[in-house]
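A.B. asks: Given next are the chains, with one letter for each unit.
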Amino acid sequence: MQDAATIVMHSAPPAAPGAGRERWRALARNAFPFIVVGTLWEIVAWAGLFPHQLFPTLEEIARAFVDLTIAGILPHHAIETLLRLLAGFSFAASFGVSIGMLMGRSRRAEDCMLPLVSILAPIPGLAYTPLFLLWFGPGEVSAVLLVGFVSMFPVIYNTWTGVKAVKEIWLRSAQSMGASDRRIFRHVILPGALPYILTGLRLGLGQAWRILVAVEMLAAVPWGLGWLIFGAREFLNTDAMMAGVIVIALIGLALEKFVFQKLERYTVVRWGMVTAS
Amino acid sequence: MIRGGITLIAAALAYEALARSGIFAQVLLPTIPTVLRTLYAMMLDGTMPLHAAYTLYRVLFGFFLAVTFALPLGIAMARFKRVENFFLPLVSALMPIPSFSLVPLFMLWFGIGNLTTILIVFYAASFPMLFNTWSGVRSVNPLWLRAAGSMGADEQRLFWKVIIPGASPFIITGMRQAFLRCWIAVVGAEMIAASDWGLGWVIFDAKEFLNADVMLASLIVIGAIGFLFERLVFGSLERFTVYRWGMVRMAKG
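Respectively, the protein sequence lines represent chains L and U. So this note's numbering is basically just the index in the first sequence, starting at one, shifted up by 55. So this note's numbering is basically just the index in the second sequence, starting at one, shifted up by 57.
Please note that a few of the clues may not be correct.
Straight-line C-alpha distance at most 20 Å; calculated SDA-like pairs for lysine to any residue [claimed, not checked]: (1) U:138 to U:97; (2) U:264 to L:189; (3) U:138 to L:77.
Far from chain U by the CB rule (all over 12 Å, computed), these chain L residues [to be verified]: (4) 75; (5) 134; (6) 200; (7) 228; (8) 230; (9) 233; (10) 236; (11) 239; (12) 241; (13) 318.
Source of the hints: derived by calculation from the structure; they are not laboratory data. Everything numeric in this text was worked out from a predicted model, so none of it was measured. Beta carbons are placed, not taken as given, at the ideal position from N, Cα and C, and that holds for glycine.
This is chain L alone, in the form it adopts within the complex:
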């Protein structure tokens, strides 16, 4: 997901002073493809190639978006989805980092966990959905646990790699200078592994976001954007569906711009250990 962020960054106009005209041109250049696609959409919608119900015009989608936002329905769904994402991701982050740390530091923990992790991780997360629904019942608990469980794996992997990648010589020099285990952990291992951990967290959050929508469709939660889209299908409310997709896209973009990018820059600048890709 950070990939898209780079693209957005790349296509953003450079903010040079006195280059107002240049900025407008860049804006127009970015808007042009959307205008083309929007016009095509309008033409197809008006031409009636598809039933109107299934292919609404852009005005109708915009109206549905505004109406649902004013009525408070769309924000409510979005907030529920975000809370669920947060809950699932905090679960993944806390467990993933602890397990990964343990695996990196202790040989025994590594022997215990690695086979399990490498068997469970490659199974697509959504395949666990019915099992979780069966075990924990449909609803909130299953959804949060599932999102947490699935996004935990990249966090575990990267934390583990990060802890293992801390140079042996740093550890030994800290030790010979008389640092206690605690200090070594706090001042050597943690900063050394942090770029990896943050990468893991970023990947985990991306994964959580990608499957959350589907989980909401399947787990019968009362509110949530996935549920909104899925429910709207029953009533052929294509405009409400499109409005939901737009909100999902906006949240996805915001996650990239304000979370992933910030995380990346923070590590790159602060530790100078990762090169900007």
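Please arrange chain U on chain L, whose structure you already have, making use of the hints.
C.D. replies: Just chain U now, kept in the frame of chain L:
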């Protein structure tokens, strides 16, 4: 290797003890022999191979479509400024939309079954493929291009002998990521846009009848296929192209 085996056996024993202890209902937590027996029976009567075949057909078709669409587009975007200017804003707007959120919409448009699933797979796979190809071609060392140009290579030779091998590590990484996404997308799409066949559908359908053994058996098959593709197909693809051309793997991730 041996230690890993011991861990797995211990985990299996713990699971077996839990399943037999009767704390949870037997239907929800079937014993391992039950699961294996179900898997064996489904293999024998041909349902499991058929489900797997349907899923593989969808995933490979979608993946193939994504590669044939995204590879040329990615190259074109990297080579021609105008193409890049047009598609980059669109791509960056569409990329953050998770593929599953389009499933209900596609179900309305294309009905339930193969077409919807294949298109979702296509959508999911296109972006990693496109993005990696684009950045791969862009990251080809300009020095090589100029060197080849000054040695009199024409446009075509430049493309096949310099740009494609130079971008290959990224392209292969893109394929790998794309296939991973495909594999996730196909299972999810099959669950939501239920048809009659497919591994995702079996799992979800088994829930209705509390057939946890069928679910676990299908999970085993899904895991095995994913693992095989990742290790065998992409592993050997990488060996035959990237390593052979002496390109070091750079992008990972």
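A.B. asks: Each hint needs a verdict: does it hold in this structure or not?
C.D. replies: Now for the hints, and whether the structure bears them out:
At roughly 56 Å between alpha-carbon atoms, residue 138 of chain U and residue 97 of chain U are farther apart than 20 Å, so this suggested pair is violated. A distance of roughly 7 Å separates the Cα atoms of residue 264 of chain U and residue 189 of chain L; the hinted pair therefore holds under the 20 Å criterion. Among the hinted pairs, residue 138 of chain U with residue 77 of chain L is consistent with the structure: their alpha-carbon atoms are about 17 Å apart, no more than 20 Å. With 12 Å as the threshold on Cβ separation, the claim that residue 75 of chain L sits away from chain U holds: the shortest Cβ distance comes to roughly 20 Å.
With a cut of 12 Å on Cβ distances, residue 134 of chain L stays outside the contact zone with chain U, its closest approach being about 17 Å. Every Cβ of chain U is farther than 12 Å from the Cβ of residue 200 of chain L; the closest lies at roughly 15 Å, confirming the non-interface assignment. Separation of residue 228 of chain L from chain U is adequate, the least Cβ-Cβ distance of about 29 Å exceeding the 12 Å criterion. Residue-level check passed: residue 230 of chain L sits 27 Å from the nearest beta carbon of chain U, beyond 12 Å.
Once the 12 Å rule is applied to beta carbons, residue 233 of chain L is consistent with being away from chain U; the minimum gap is 34 Å. The beta carbon of residue 236 of chain L sits about 25 Å from the closest Cβ of chain U, which is more than 12 Å, so the claim that it is off the interface holds. With a closest Cβ-Cβ approach of about 26 Å to chain U, residue 239 of chain L is found to remain outside the 12 Å limit, as its non-interface label requires. With a closest Cβ-Cβ approach of about 28 Å to chain U, residue 241 of chain L is found to remain outside the 12 Å limit, as its non-interface label requires.
The beta carbon of residue 318 of chain L is kept farther than 12 Å from every beta carbon of chain U, the shortest such distance being approximately 15 Å.
Violated hints amount to a single one, hint 1; each of the other numbered hints is respected by the structure.
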